[in-house]
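Colleague: Residues per chain, in single letters:
2 protein chains.
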Amino acid sequence: MKEQSIAIVGSGNVAYHLAHALAKGGFIPEVIVSRNENKGGALAKELGCAYLDDVKKLTSVDIIVLSVSDSAIQIVADRIPDSLRKSAIVCHTSGTTSIDALQSCDKAGIFYPLQTFSRDRKVDYKTIPFCLHGVSDVVDELDTLAHLISDNVYHIDDEERKKLHLAAVMVNNFTNHLLYLAKDLLEKDHIDPKILDPLINETINKIQSMTPLEAQTGPARRKDYNTIERHLELLDQESPLYSIYGLISQSIIKTYHEDS
Amino acid sequence: MKEQSIAIVGSGNVAYHLAHALAKGGFIPEVIVSRNENKGGALAKELGCAYLDDVKKLTSVDIIVLSVSDSAIQIVADRIPDSLRKSAIVCHTSGTTSIDALQSCDKAGIFYPLQTFSRDRKVDYKTIPFCLHGVSDVVDELDTLAHLISDNVYHIDDEERKKLHLAAVMVNNFTNHLLYLAKDLLEKDHIDPKILDPLINETINKIQSMTPLEAQTGPARRKDYNTIERHLELLDQESPLYSIYGLISQSIIKTYHEDS
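So the protein lines, in turn, are chains P and U. Residues 10 to 269 (my numbering) make up the first sequence, in order. Residues 10 to 269 (my numbering) make up the second sequence, in order.
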């Protein structure tokens, strides 16, 4: 990659891991910009780069990556100095926010990493799918940048990215919550929740050799209303889990039995 | 283990893998009993053991493992010859059926493997949690048997086992269905569903170093009604997924925001 300089705006989990992923790819960001002096300053120090507390203070930089909350993207983009809004590529990393939030910038793009990040948790950056969008010149530059980090680079437009974000919420947030509810159920009965771990692992490993449609088993899959009824009797009818159990079971039954 | 002989009754996925797991542990079953001559006969042939088409024909055997459907357990148990119902340990492998279904047998037990089995899919038998129940003499024998297969052996009573089975349905069946719904959503939009796989893997890997309660992220976790609303707009209001999305989001919000 030619001599480009990059500014990461934000100091949350995505900004943190993106900055480190770029550094690992041999491309240390020039500056971290964050209103949060503690987190932003610490991140800049870790990377050995500059720190600024306001995008207004940015001078010359080629690419500006906005990793800030969805509601802040447009506000922050509009605070970028006029000259940079003309010359620099300005991209955001959000799964849900349209590229239109960057309409004040001439070279707007999307640089969305489809992964869940927690500060203390190492991630294998090479496998992260990067979803890029923008006019072709911008996407070309972002493509080069993404390939420094990962082998999985996709060109995904605004509408596709919104669907993708929804799907990501389902497989990550919702799956994680089901695991929480199941483990919580056992803990309340003083059963070690770790007993579920081999099953959880196999659930995910299984779909590497078959589709989830093929891998499905269980009472709803075989329309075993007896077992479903007995499970529901174990749950508090007022609890969210009671309704979740009923709805997902119905959805499985619909998937396998209604078309037949 | 002393010279014991074992009969596996059934030829479904659990019977198939249990028989192979025992053989791998150095303990080849003496006989496979199944009304299904094709599957039962083939399994017996694979193991190099005898085959019978009816439990009525069983003569001398020390342990009888019933891996048949929940509704057949009591019926099959009652067909075991009188003398064996007195002398042999008779156990079943069901997560939901009470030990009372074996009340016609003097030495009744539970031998429940907490794992999902598909015939064509290899499983690491060593990690399967075996949940045992019965009077102490019976459990001692089953404990020895289970340890031939696995390092994870638990003593779990009838009530606990029912909760465990419910939790297993949630982490396996329901998680798998969510993965199906998410991938189906992408396929309908001609997006390669494999793009979700790194996120799915990280979702599960993450909870090896933190609890699901700590690992939770996403719009519902941060009470971001804007994003939730935009996701719901992408879904057909009549679809099960629409209701599932709403309910699980509510449940996450309740978990993190209602007690505070």
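These are calculated hints, taken from the structure and not from any lab test. Incorrect hints may appear among the rest.
Identical copies look the same in the list; a pair holds intra-copy or inter-copy alike.
With a straight-line Cα cutoff of 27 Å, these simulated DSSO-like cross-link-like pairs (lysine-lysine) come out [said to hold, decoys possible]:
no., residue 1, residue 2
1, Lys131, Lys203
2, Lys263, Lys232
3, Lys66, Lys95
4, Lys263, Lys172
5, Lys135, Lys33
6, Lys172, Lys95
7, Lys232, Lys131
8, Lys197, Lys54
9, Lys95, Lys203
10, Lys48, Lys263
11, Lys135, Lys203
12, Lys263, Lys95
13, Lys54, Lys135
14, Lys197, Lys172
Colleague: Next, verify each hint and record whether it holds.
Modeller: Hint check:
1. Lys131 <-> Lys203: Answer is both: 22 Å inside a copy and 22 Å across each meet the 27 Å cutoff.
2. Lys263 <-> Lys232: Within one copy only: 10 Å inside, 30 Å across.
3. Lys66 <-> Lys95: within (16 Å within a copy, 86 Å between copies)
4. Lys263 <-> Lys172: Both. Shortest intra-copy (22 Å) and inter-copy (25 Å) distances satisfy the 27 Å Cα cut-off.
5. Lys135 <-> Lys33: within (10 Å within a copy, 38 Å between copies)
6. Lys172 <-> Lys95: Result: close neither inside a copy nor across copies, 30 Å intra and 61 Å inter.
7. Lys232 <-> Lys131: Classified as between: cross-chain Cα gap 26 Å, same-chain 41 Å, threshold 27 Å.
8. Lys197 <-> Lys54: neither (44 Å within a copy, 45 Å between copies)
9. Lys95 <-> Lys203: The answer is neither: 54 Å in one copy and 37 Å across copies each exceed 27 Å.
10. Lys48 <-> Lys263: neither (48 Å within a copy, 29 Å between copies)
11. Lys135 <-> Lys203: Between copies only: 15 Å across chains, 29 Å inside a chain, cut-off 27 Å.
12. Lys263 <-> Lys95: neither (53 Å within a copy, 45 Å between copies)
13. Lys54 <-> Lys135: within (24 Å within a copy, 46 Å between copies)
14. Lys197 <-> Lys172: between (36 Å within a copy, 10 Å between copies)
Going through the hint list in order, the structure does not satisfy hints 6, 8, 9, 10 and 12.
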